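Protein chains in written order, with the numbering used here: chain F, 1 to 349; chain A, 1 to 349; chain Z, 1 to 315; chain W, 1 to 315.
It is worth saying that the hints were derived from the structure and are not from the lab. Keep in mind the model is a prediction, meaning the values are calculated, not measured. Hints are not guaranteed to be accurate.
Claimed, not checked - Result set (DMTMM-like, lysine to aspartate or glutamate): computed pairs, CA atoms no more than 25 Å apart in a straight line:
| id | chain 1 | residue 1 | chain 2 | residue 2 |
| --- | --- | --- | --- | --- |
| 1 | F | 52 | W | 192 |
| 2 | Z | 133 | F | 25 |
| 3 | W | 133 | A | 324 |
| 4 | A | 52 | Z | 182 |
| 5 | F | 321 | A | 298 |
| 6 | W | 130 | A | 27 |
| 7 | A | 56 | Z | 228 |
| 8 | W | 306 | F | 206 |
| 9 | F | 254 | A | 281 |
| 10 | A | 56 | Z | 250 |
| 11 | F | 254 | A | 298 |
| 12 | F | 254 | A | 292 |
| 13 | F | 52 | W | 182 |
| 14 | Z | 55 | F | 195 |
| 15 | W | 32 | F | 114 |
| 16 | F | 346 | W | 182 |
| 17 | A | 258 | F | 298 |
| 18 | Z | 186 | Z | 163 |
| 19 | W | 186 | Z | 182 |
| 20 | W | 284 | W | 57 |
| 21 | W | 183 | Z | 182 |
| 22 | A | 56 | Z | 272 |
| 23 | A | 52 | Z | 163 |
| 24 | Z | 23 | Z | 272 |
| 25 | Z | 183 | W | 57 |
| 26 | Z | 132 | F | 250 |
As the list claims (entries may be wrong) - Not everything, but these chain Z residues come out facing chain W in the computed CB check (under 8 Å):
| id | residue |
| --- | --- |
| 27 | 154 |
| 28 | 196 |
| 29 | 198 |
Just so you know, even glycine gets a beta-carbon here, dropped at the ideal spot from N, CA and C.
Chain by chain, the residues run as shown.
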Amino acid sequence: MNSIVDKKLINYGEAIYEACYQEMEIDKNVFVYGLGVDDPKGHYGTSKDLHKVYGKNRSFDVPLSEDGLTGIGIGAALAGLRPIYVHQRMDFLLLCMNQLVNMAAKIRYISSGEHSVPIVIRAAVGRSWGQGAQHSQSLQSFFMHVPGIKVIAPTTPHDAKGALIASIRDNNPVVFIEHRMLYNNAGYVPSSLYEVPFGKGRILKEGNDITIVGVSYTVEDSLRASELLKGVGVNAEIIDPISLSPIDYELIRKSVSKTGKLLVVDNGWTTCGFSSEIITDVAINCNNVSCERIGFSETPCPTTPSLENIFYPTPQSIAVKANEMCGGDSKWSPPEQPAKEITSFKGPF
Amino acid sequence: MNSIVDKKLINYGEAIYEACYQEMEIDKNVFVYGLGVDDPKGHYGTSKDLHKVYGKNRSFDVPLSEDGLTGIGIGAALAGLRPIYVHQRMDFLLLCMNQLVNMAAKIRYISSGEHSVPIVIRAAVGRSWGQGAQHSQSLQSFFMHVPGIKVIAPTTPHDAKGALIASIRDNNPVVFIEHRMLYNNAGYVPSSLYEVPFGKGRILKEGNDITIVGVSYTVEDSLRASELLKGVGVNAEIIDPISLSPIDYELIRKSVSKTGKLLVVDNGWTTCGFSSEIITDVAINCNNVSCERIGFSETPCPTTPSLENIFYPTPQSIAVKANEMCGGDSKWSPPEQPAKEITSFKGPF
Amino acid sequence: MKNKFNNEKAYYLYLLIRKSEEKIIDLYSTDKIKSPVHLSIGQEAIAVGVSLALKDEDIIFSNYRGHAHYIAREANLDKMWAELYGKSRGTARGKGGSMHLNDWGKKFMPTSAIVSTAIPQAVGYAFALKYKKQNGIVICYHGDGATEEGVFWESLNFASLHELPIIFICENNKYAIYTHQDKRVKNDPIIERANSFGVKSKKIKFGSTEDYYNVTSECINNINNKSEPYLIECVTTRWKDHVGTGDASDLNYRDMREIDFAIEHDDLINLEKQLSSDVIKKIKLQVDRELENAVNFAEASNFPNKEELYDNVYG
Amino acid sequence: MKNKFNNEKAYYLYLLIRKSEEKIIDLYSTDKIKSPVHLSIGQEAIAVGVSLALKDEDIIFSNYRGHAHYIAREANLDKMWAELYGKSRGTARGKGGSMHLNDWGKKFMPTSAIVSTAIPQAVGYAFALKYKKQNGIVICYHGDGATEEGVFWESLNFASLHELPIIFICENNKYAIYTHQDKRVKNDPIIERANSFGVKSKKIKFGSTEDYYNVTSECINNINNKSEPYLIECVTTRWKDHVGTGDASDLNYRDMREIDFAIEHDDLINLEKQLSSDVIKKIKLQVDRELENAVNFAEASNFPNKEELYDNVYG
Ligand SMILES: Cc1ncc(C[n+]2csc(CCOP(=O)(O)OP(=O)(O)O)c2C)c(N)n1
Ligand SMILES: Cc1ncc(C[n+]2csc(CCOP(=O)(O)OP(=O)(O)O)c2C)c(N)n1
Ligand SMILES: [Mg+2]
Ligand SMILES: [Mg+2]
C-alpha cells in the first residue's frame, strides 16, 4: 500500500501528530480530547494546535475526570464518532479501568454485535528523571488480559503513524501505548496514510543465536544490546511485537525454533506480565527452547537516580543476560553507555 | 500452633464469618465495611449482625462510592486501624484500581517504611446462573502483577478462616478472593485463631502422572477431575496455591520435577493470567516439563446457560486435557456430572 | 410543541409492563429465566410518563432495572422475553439477559449491571448529537444510589459545561438494595447537588404518569429552545425485592407500610378510572395477547449454539 | 480558644518557604534535583496562615505541590532538601522526591502525585480519629482541579455523613497546568457544590496570611464544639510555571498581569511592614542559615546504595 511514497525524516511525536492530523482531515467523526491537548505544548506536540485547524469541538481540553471522560468517549463512540482520548501518563488509566474493562470491552458482546466502541485511548509511559512510583507505570498486561480490548505499542516513528491510523479506523476499543523516551526518536515516515496492522510483529534485526523480544521502549534497549552482543560474537534476533493484543505468536515461535533461546525484555513488571505471556506460549507450543525474562524490578519505581537507574533493564543488563544464555562468560560486562535520550532529559516533567 | 484444637464442621462462608468475628473480638482496630455488610443477609452471612455485636462504627454500610471508600480505608489504615472492605463482586474492584495500585501499593515504598497500609479487600467472584459479563470476572492477575499488594484465594473452609486471619494481621494491602460457589462447601475448621501463611501452597492430592494447579474454584474443579482421571488410570497431583502473591513456586517446581507435566487451570482469562505466570516460572526453572493451560474462554462471560456452561473449565474438560497430556485417548469423554453447587443454585443473585 | 397526554396509551403501556413483570414472577419458579431480574413494579408511572413525551429520534440509556424503560419505549417485547430465556432470538441472542437489554430500532441502548457506569455514556451520546448537529435528546434513567458514584458528578459537570441535550431521570425509590438513602447521604440532597453542578433539577414525589409526562415535556421544550441538561428526581416505591421476584418482607429491612401506601396509590387504578369499560377490555385483551405471544416466542426459540460463544468479542 | 496571630512567626515561615523555593530555582540548572518540582511561590500565605492555627496533634494531607505545606508545618527542612537531592538522609531516603514528601514527626503524611487521590485518605484518617475518640483535626490541602475528580465528591459525602473532623483547604490558583478553571467547570462553583454535599464552605479571595489564620481557627473552634467537615476555598495565584522553575511567560497561556497583580500584593511585604528592622534582620539571618544548612546537609548526604532498591515494598 505504501510502496512508492515519499518519506520524511520525522520523530515519533511528529508521526503521531501526522496520523491525527490526516485522519481528522478525512474523517470528521474523529476528535481528540484530554488534559492539555489544546494547550501551548499540545502533549509533546502530538496534538498541538489541532483545535485551530479543526475547531474547538474536535480538539478540546477537559476537566480532571478520567473515569467520566472515558465513559463520555465510549458514549460518543456508540453514537458513531471516533474519539481519541489522550493521557499524559499511563498511570492515569487506573482511574479508567471500570469504563474500559466493564464497559468498552463488553458492550459489543452483550449487544451481540449491535453496537461497537471505536475509541482510541492514547497513553504515554513515563520514565527517567525522577518520574517516581506514580508516573512511570506501564500496564499493558492489564489490557492484554481482557478480551474485547486491543493493545498496540509501536516503537518506531513509522509504526507509530501507521498503528495510530489503524487504531483510529478499528471498530474496537484500542489502548495505544506511547513512551516518553521515544518521542524524539527520528525515522523515515511516509507522508501518505497507511495502516500498520494489528496482530503483526516485526523482526528489526535478524540473528541466529538468540531471540530477544522487547515491548515499547525495551525494543530500543534490545537493539542496543544486540550491538553490544556483537562484541562477544553473539548474533541476536530482535523482535518488535508492535501489536500486544492480538499478538503475533507465530513470528516469535518461528524465531525461537531457529535460535532455541528466548529472552523477553518486559517494559513493565514481569509477574503476570507481557513477558510471562510470551514465554508461556513458547513453553506450550515449542520444544526445548530455553527461556528467560527481565523487566522492571519488582518494586515501585524509585525517584532517586541512583536507584532509578537499576530499576530498569538496560542494554547492558540485557546483553549480559543474553550472553549468559548463549553460554558466554557470565563475568562479561560491556561498557556502560547510558541512552542519550535519558541522560539528555532535563525535565521539567 | 493449631495442633490439638477442637474442630467444627462449618462451611466456607461461616469460616470467614468466624475469622472476622474472632479478630474483631481481640483487636478493636479491626472493622468491616462495604455495601450491605450490615443488611439482613450480611454478605452471604459472612458479616451478618456483626454491627449488633461490635457496634455500628465497627461494621457499617456505605454509599455507592467504591473509589472513595477504598481511599477512606487506606486513610484509616494509615491511622492504625485495620479495615476490611467487602465487595459483593470482584468486578467492582475495577472502580478501586487507582487507590489500590497508585496508593495502597506505593505508600510504604514512597515513605521508605514510615507508613504501611494494613487493609484487607474482600471480593467475591461471581459465577453461574446468568451472572453475565460484569458480575463474573476474576481479576487476580491484575493484583499479582503489582508489587506492594498481596493476593490470597483460599479454597477450603479451613484455609478461608486462617488466610483471612493472616490477611487481617498482615501489614500490607491484601486482596482476599472469595468465590460465590465455595460459600456453602463444608469442612472441618478449628475453633481457635490460627493463620494460614502467605507464600505457602498445599498439595491437596498426591499423584505421580501430572501436576494440576488450580486457583480458587478451579481447585475444586481439579479435584473432581482427578476423580474422573482415576477411571483411566491417571494419578494426578492437585495443588492449591492458596497464596497468589507471594506464590509458592518451590512447591510447584518440586511437583513438576516429579510428574514432568503441568496443567494450570485458571479461574480467569489466561492471557497474562495466573496460569501464564505459573507456566513461565516452570519454563524458566525446570527442564523438560510439558505445560498446558486452560481457563475462562477468551470472551466476556455470556449470560445464557447454553454458553455459560462452556465458558468455564469443568472437571470433564480438565480431565480430558490432562488425560491427553498423559498420552491417553483424546476421544475419551468422561461422564458429565455438573457440580451440585452450580446446578442447585437458583438465584436470585 | 407539547401534545395532549394520551391516557389510553399510558394505560396500555403501564399494564403491559405490570403484566410482563407479573408474568416473570409466575414463571420464575420454573427456572426458565436463569438470571437475576430487577423488577420495575411500582415504578412504572415514571417510565410511561417519560416515554410518552419522547420522539423516535431520542435516545434511551437505562440500567439493570430496565424492563419498564424498555417496554414503555415500545421496544420489541418478543425479543425481550427471548432474552430473559437466554434464547438466540433475544435482544442480545441470549448473551445479555435481563440486565443487558437493548433495542437499537428504538434507540434503547445496551444497559449495564454496574451502577452508574452508563451515565457518562449517555452524556457522551448527547455530546455526539451536538457535535453532529443532530436532533434528539438523551434520556438517562438511574437510581438514587447511582448519584453516590463520583462518575455521576463528573458526568453532570461535563454535561453542564458543554450544555448538552440530556435529561437525567433519577428514580429515587429510597433504597439501594436494603439500604435506605438516609444511611448513604445527608438530608435528601440530590436536586440541590445537581443544581450546584449546573444541571437544572426538579423533584416530584410519588407523581402520576401524567405528572412525569408533563415535566418531561417541559424539559424537552426548554432544551429545544436552549440546549442544556436537566434532572428530574422522581420519588417512587419499589414494591418487590431489590432482585428476584419476592417482596423480602421477611427481612424487615423496611416498614412494609411504605409499600402498602404505594399500592393504594398505584396510578394504574387512576388511569383505568378515566377509561370506558370497552376500552379497558380491549386493552387488557391486547396486553394479554401480546404477552402470550412474547412468552410463546421465547419458548419456541432455540438456545444459541456453542459456536456463538466467540462471536462479537471484536468488531 | 484562639490565640493571637503571631506575625513574627508568620513572617519567618513565609520567608523560609519563599527562600527555599527560590533556592530550588537557583540550583535547578545544576540538575542536582533530578525530578519535577511544583513550586508554591505565590501561595505561601495559605500554608502559613493555616499552619499557625494548628496543634501538634493535627494531621496534614497535602499533594505534589507541597513544599509550602511542609515547611509551614515546620517539618524537617534538612530532610526535605536531602529528598529533593535524592539522598538517603531524605524524608523517604530518596525514593519519594519532591512529589512525595513526608514527616511523620509533624504528622505530615506522604503526598501523592495523582491528583485528588489523597483526599479520601484524609477523610479516612479523620474517620479513624473519631473511631478512636482521639483529639486532632485533619487538614486536607488540594487544588481547584482536584475538585473535578469524582472521588473528591465521594469523599465529601462520606465526611458529611459521618460528621468527621476535617478541613478541606482548596487552593484555587485558577489553573490546572495551563487550563483555566472556566474551561473545566461552569461559574466558579466549588463552595456551592461543597455546601450541597453537606460540607460548610467559605471562600476567601487573595486573603492575607492572617485571614487564612483566622478562618482556619474559626473552623477549628466550630469543630471542637461539633465535629463536622469544613471547606475553605482560597483564591490565590501561582507565580511560576505549573511544574519546573520557569514562569512559562513564553506560552501566553494566561494574562501575565494576573501575576503582576499578585506580586504587588505579596503578603510578605505586609508582614514585613509590621516588624521592626531588627526583628526582620534577625529572621532573615536565621532563614538564610537554616537554608544553607539544609542545602549543605543534602550535598553532604550519600545516595542510597543499590541494596535499598528492594527495601520497603512490603512491611
Ligand atoms: C459499582 C457497583 N456497586 C455495587 C453494585 C451492587 N448493586 C447492584 S444494584 C445496587 C443498588 C443501586 O441502587 P439504586 O442506584 O438506587 O438503584 P435501584 O436498584 O434502587 O433501582 C447495588 C449496590 C453494582 N452493581 N455496581
Ligand atoms: C488523576 C490525574 N490526572 C492528571 C494528572 C496530571 N496533572 C498533574 S497536576 C495537574 C493539575 C492539577 O490542578 P489543581 O488541582 O488545580 O492543582 P495545582 O497544580 O493548580 O496546584 C494535572 C492535570 C495527575 N497527576 N493525576
Ligand atoms: Mg434505589
Ligand atoms: Mg490549580
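Each hint, compared with the structure:
no.: 1; hint: F:52 - W:192; verdict: violated, 34 Å
no.: 2; hint: Z:133 - F:25; verdict: holds, 19 Å
no.: 3; hint: W:133 - A:324; verdict: violated, 63 Å
no.: 4; hint: A:52 - Z:182; verdict: holds, 19 Å
no.: 5; hint: F:321 - A:298; verdict: violated, 34 Å
no.: 6; hint: W:130 - A:27; verdict: holds, 17 Å
no.: 7; hint: A:56 - Z:228; verdict: violated, 42 Å
no.: 8; hint: W:306 - F:206; verdict: violated, 35 Å
no.: 9; hint: F:254 - A:281; verdict: holds, 22 Å
no.: 10; hint: A:56 - Z:250; verdict: holds, 22 Å
no.: 11; hint: F:254 - A:298; verdict: holds, 24 Å
no.: 12; hint: F:254 - A:292; verdict: holds, 19 Å
no.: 13; hint: F:52 - W:182; verdict: holds, 19 Å
no.: 14; hint: Z:55 - F:195; verdict: violated, 41 Å
no.: 15; hint: W:32 - F:114; verdict: violated, 57 Å
no.: 16; hint: F:346 - W:182; verdict: violated, 32 Å
no.: 17; hint: A:258 - F:298; verdict: violated, 30 Å
no.: 18; hint: Z:186 - Z:163; verdict: violated, 28 Å
no.: 19; hint: W:186 - Z:182; verdict: violated, 29 Å
no.: 20; hint: W:284 - W:57; verdict: violated, 29 Å
no.: 21; hint: W:183 - Z:182; verdict: violated, 35 Å
no.: 22; hint: A:56 - Z:272; verdict: violated, 47 Å
no.: 23; hint: A:52 - Z:163; verdict: violated, 48 Å
no.: 24; hint: Z:23 - Z:272; verdict: holds, 20 Å
no.: 25; hint: Z:183 - W:57; verdict: violated, 30 Å
no.: 26; hint: Z:132 - F:250; verdict: violated, 43 Å
no.: 27; hint: 154; verdict: holds, 5 Å
no.: 28; hint: 196; verdict: holds, 4 Å
no.: 29; hint: 198; verdict: holds, 4 Å
In the structure shown, a violation is registered for the earlier hints numbered 1, 3, 5, 7, 8, 14, 15, 16, 17, 18, 19, 20, 21, 22, 23, 25, 26, in ascending order.
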